[in-house]
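There are 2 protein chains.
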Amino acid sequence: MSLLGDRLCVINVGLSSFAQAIAAAGGEIAEVAWAPPAGGDRAVGLALARLVNHPRIEAANRLAYAAYLEAQPALEGIGPARALLPRMGRRTILHAGPPIEWARMCGPMQGAIVGAVLFEGWAEDADRAARLAASGKIAFAPCHDYGAVGPMAGVISPSMPVWAVRELNGGGLAFSNLNEGLGKALRFGANGAEVIERLRWMAKTLRPALAAGLAMLGPVELKPLMAQALHMGDEVHNRNAAASSLLLKRLVPAMLRSKTSRRAVEEAVTFMAGNDHFFLNLSMAACKAMLDAARDFAASSMVTAMARNGVEFGIQLSAFGNRWFTAPAPLIDGLFFPGYGIADAAPDLGDSAITETAGLGGFAMAAAPAIVKFVGGAPADAAANTLAMGHITLGRNEALTLPALDFAGTPAGIDARKVVDTGLLPVINTGIAHRQAGIGQIGAGITRAPLGCFASAVAALAEALAGS
Amino acid sequence: MSLLGDRLCVINVGLSSFAQAIAAAGGEIAEVAWAPPAGGDRAVGLALARLVNHPRIEAANRLAYAAYLEAQPALEGIGPARALLPRMGRRTILHAGPPIEWARMCGPMQGAIVGAVLFEGWAEDADRAARLAASGKIAFAPCHDYGAVGPMAGVISPSMPVWAVRELNGGGLAFSNLNEGLGKALRFGANGAEVIERLRWMAKTLRPALAAGLAMLGPVELKPLMAQALHMGDEVHNRNAAASSLLLKRLVPAMLRSKTSRRAVEEAVTFMAGNDHFFLNLSMAACKAMLDAARDFAASSMVTAMARNGVEFGIQLSAFGNRWFTAPAPLIDGLFFPGYGIADAAPDLGDSAITETAGLGGFAMAAAPAIVKFVGGAPADAAANTLAMGHITLGRNEALTLPALDFAGTPAGIDARKVVDTGLLPVINTGIAHRQAGIGQIGAGITRAPLGCFASAVAALAEALAGS
Numbered sequence: 001m002s003l004l005g006d007r008l009c010v011i012n013v014g015l016s017s018f019a020q021a022i023a024a025a026g027g028e029i030a031e032v033a034w035a036p037p038a039g040g041d042r043a044v045g046l047a048l049a050r051l052v053n054h055p056r057i058e059a060a061n062r063l064a065y066a067a068y069l070e071a072q073p074a075l076e077g078i079g080p081a082r083a084l085l086p087r088m089g090r091r092t093i094l095h096a097g098p099p100i101e102w103a104r105m106c107g108p109m110q111g112a113i114v115g116a117v118l119f120e121g122w123a124e125d126a127d128r129a130a131r132l133a134a135s136g137k138i139a140f141a142p143c144h145d146y147g148a149v150g151p152m153a154g155v156i157s158p159s160m161p162v163w164a165v166r167e168l169n170g171g172g173l174a175f176s177n178l179n180e181g182l183g184k185a186l187r188f189g190a191n192g193a194e195v196i197e198r199l200r201w202m203a204k205t206l207r208p209a210l211a212a213g214l215a216m217l218g219p220v221e222l223k224p225l226m227a228q229a230l231h232m233g234d235e236v237h238n239r240n241a242a243a244s245s246l247l248l249k250r251l252v253p254a255m256l257r258s259k260t261s262r263r264a265v266e267e268a269v270t271f272m273a274g275n276d277h278f279f280l281n282l283s284m285a286a287c288k289a290m291l292d293a294a295r296d297f298a299a300s301s302m303v304t305a306m307a308r309n310g311v312e313f314g315i316q317l318s319a320f321g322n323r324w325f326t327a328p329a330p331l332i333d334g335l336f337f338p339g340y341g342i343a344d345a346a347p348d349l350g351d352s353a354i355t356e357t358a359g360l361g362g363f364a365m366a367a368a369p370a371i372v373k374f375v376g377g378a379p380a381d382a383a384a385n386t387l388a389m390g391h392i393t394l395g396r397n398e399a400l401t402l403p404a405l406d407f408a409g410t411p412a413g414i415d416a417r418k419v420v421d422t423g424l425l426p427v428i429n430t431g432i433a434h435r436q437a438g439i440g441q442i443g444a445g446i447t448r449a450p451l452g453c454f455a456s457a458v459a460a461l462a463e464a465l466a467g468s
Numbered sequence: 001m002s003l004l005g006d007r008l009c010v011i012n013v014g015l016s017s018f019a020q021a022i023a024a025a026g027g028e029i030a031e032v033a034w035a036p037p038a039g040g041d042r043a044v045g046l047a048l049a050r051l052v053n054h055p056r057i058e059a060a061n062r063l064a065y066a067a068y069l070e071a072q073p074a075l076e077g078i079g080p081a082r083a084l085l086p087r088m089g090r091r092t093i094l095h096a097g098p099p100i101e102w103a104r105m106c107g108p109m110q111g112a113i114v115g116a117v118l119f120e121g122w123a124e125d126a127d128r129a130a131r132l133a134a135s136g137k138i139a140f141a142p143c144h145d146y147g148a149v150g151p152m153a154g155v156i157s158p159s160m161p162v163w164a165v166r167e168l169n170g171g172g173l174a175f176s177n178l179n180e181g182l183g184k185a186l187r188f189g190a191n192g193a194e195v196i197e198r199l200r201w202m203a204k205t206l207r208p209a210l211a212a213g214l215a216m217l218g219p220v221e222l223k224p225l226m227a228q229a230l231h232m233g234d235e236v237h238n239r240n241a242a243a244s245s246l247l248l249k250r251l252v253p254a255m256l257r258s259k260t261s262r263r264a265v266e267e268a269v270t271f272m273a274g275n276d277h278f279f280l281n282l283s284m285a286a287c288k289a290m291l292d293a294a295r296d297f298a299a300s301s302m303v304t305a306m307a308r309n310g311v312e313f314g315i316q317l318s319a320f321g322n323r324w325f326t327a328p329a330p331l332i333d334g335l336f337f338p339g340y341g342i343a344d345a346a347p348d349l350g351d352s353a354i355t356e357t358a359g360l361g362g363f364a365m366a367a368a369p370a371i372v373k374f375v376g377g378a379p380a381d382a383a384a385n386t387l388a389m390g391h392i393t394l395g396r397n398e399a400l401t402l403p404a405l406d407f408a409g410t411p412a413g414i415d416a417r418k419v420v421d422t423g424l425l426p427v428i429n430t431g432i433a434h435r436q437a438g439i440g441q442i443g444a445g446i447t448r449a450p451l452g453c454f455a456s457a458v459a460a461l462a463e464a465l466a467g468s
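As they're listed, the protein sequences go chains A and B. Residues in the first sequence are numbered consecutively from 1, following my numbering. Residues in the second sequence are numbered consecutively from 1, following my numbering.
These are calculated hints, taken from the structure and not from any lab test. Since the model is a prediction, treat every value here as computed from it, not as a measurement. Be a bit skeptical, because a hint or two may be false.
For identical chains, the list gives no copy identity; a pair is met inside one copy or between any two copies.
In silico DSBU-like cross-links for lysine-lysine, where the CA-CA straight-line distance does not exceed 30 angstroms [what the hints assert, rightly or not]:
1. Lys137 to Lys204
2. Lys418 to Lys184
3. Lys373 to Lys204
4. Lys204 to Lys259
5. Lys223 to Lys373
6. Lys184 to Lys204
Could you build all of it, start to finish, from the sequences and the hints given here?
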């Protein structure tokens, strides 16, 4: 009696057209968000089916994920890219995301490269810089190919200072450029006089001041600092207010103990204290160092990088070293600065999705409810994003805990199989650049990694394992 | 059919003995937490009944609460207490909470006073200092009587530096002493050589360095800084990690621009960077300034101060100026440092409950889920505490918003009538001092203001209004 007497509600798992008939008849429906695996792609779905619970993949993922968990990134130093990046040529410029040639690059990346050419003094004005860049006389390569990462355009030229982060658990070095602040900045494609002037000051004054401070401090472990920042409302991708302050608190007394001039210390402190994103690039280098520890475990489906060049979104898998799996970069419907909208936006751009790859940024949004003022949505969405990412990751990183979720570790270690299986796409908090060169940032928002790269990676893994 | 066919559940509002009979008969019960108003005190209950919706009280509370909301506390300077506190005598020592004579003071307050006597050089050793304190030759008075506040023992002697916070909306000055850091500190009753040495350094080196920085900066508005800290996981009572960093970011460049020696700047920065509670005393002075704006509205039942001397818990009401309404100070069952427990604890102590009086601290716990590691409980309890305080306050302060509660303003402006009516006692996050002099902090926890002070205040208000 009770079953038939009570009001009934239908839970619909599958095609929503089933539910529509019940709704039309006046029934109550709860629809489960569901999509066929691999977005309905039969070949990829079959490939995926062969990889589920595959003993080699499971074993490799356990090793890769453990290596990621054990990694201890420590800020070791700072120096010009040409001195620190192994093999970097004299006329090389690094950029974000997977490889791309000049002609196909998005506006902000071209703008940033023009700025880098001017900063290096390789051309006298923007027109000549663009012609030089198009001439083939400059080598372009992804930052990731040189162990580096850079936010947005991710442009690193030989004279730019880069942070060096060492993985203390037997790993190598990871690098990133320095954060210039918001607004008109090279990484958003701006390249006016003020941008180049600031880059020169960063190379000439900021770099030596920071180097002197770091020399007094010795290596600064970054994971505990990021863990503390997660307890202070940062997700260390688009919100770095706490982490930047924590870094400042370590660096300032050390710079004062060094031989750096008082004037230089004052300038450095004023710059850092005025830039709540200063820590972002270090967060990225730390994440890169943690994920590099998980690289090259044969058969592992763990994602070791997600990066965008403004045209393509690329991922790398532990099993496949530096091989990129790409799909078109999506547009981001975020919060735009006054006067701008999605029609002005460049597609998704930057290496900064390395933070999400490491379980931070969008994956750790539950730690940063206030970020919704910057990227949109409500605080409950922020927590829901973190919880959803638990379905596509290998575990929780108990060294990086989220107070709002009862101090649960952040979900980390994206399993490409789980992304393809569930259709739950990795959430990424990101800035938005104007599509034209020379303008800069116009907003910020939440985006999702495209399914295509994960589908290609899963297909490749199935093929590799079939042949072994 | 549906009512009788469904499973029934009884909601019990009132004595729980009613519910017991239903439970015994196998019924399902939801008990509403309820207690008779005024804890069942008939006289106070009748007094309260005369005050509910009293037009004079409602009008006065609107004015008092608006004055609190409009208050703009700004850090204006720092100087020795004897120079800044009006009327402070040469041999006066201020203490936390309502007035109390030496013989009745708790151990940590006596310990702190002995330390202050040694710091001032009024006695050569602790025994002589204690005898001098007991001799009647030193005047003791509450900090609040001098427009000041001090955490824990709250001891301020004439040579100690105090912050001066001006209320820019036509108000006056509020003062507080400087934070010494955790562990062995005067405010927890410790008075050993290291404690006195640090107090001397603070007076001789830290005070002039901070004064020079503040002179370069001009007034620093504190409410926006506290609002930002609430978005970074502080509740600015027992968690001040973000606010302390934000203050540091303002002060350091300014100190570097001043004529302060590099050595002094370095010492000051090192001290501040190592003390995550450095902002606490400024938070208290800012709250005092905001609440002083709400003072002296005739007939207002808004609480303008809550403060404890380790023996008595006292509150002040807007209607009654500096008059204290007191009850015995409770013991706090918090998180104790290893080796200590509640048997070692002094009862509730300090002026720091001025933060809760202003809607911060325990009232803003929803902003600071990570604080539960320090004071106990789970993050959900922290949010629940904030929500509960909405029932005993006059409104929400939209200048101080809580991200986790969808950016709702923090509940502020305690109405003594509502406390007595609901029995919901103000939640206070607090440190715990050892009951003996000379030892220091032994833990932290969450406590509640005792009903007795609110009951006395309500009775006094009823009497005052009956006679008018």
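Requested in this report: Hints the structure violates: just list their numbers, smallest first.
Outcome: Per hint list: 2 and 3 violated.
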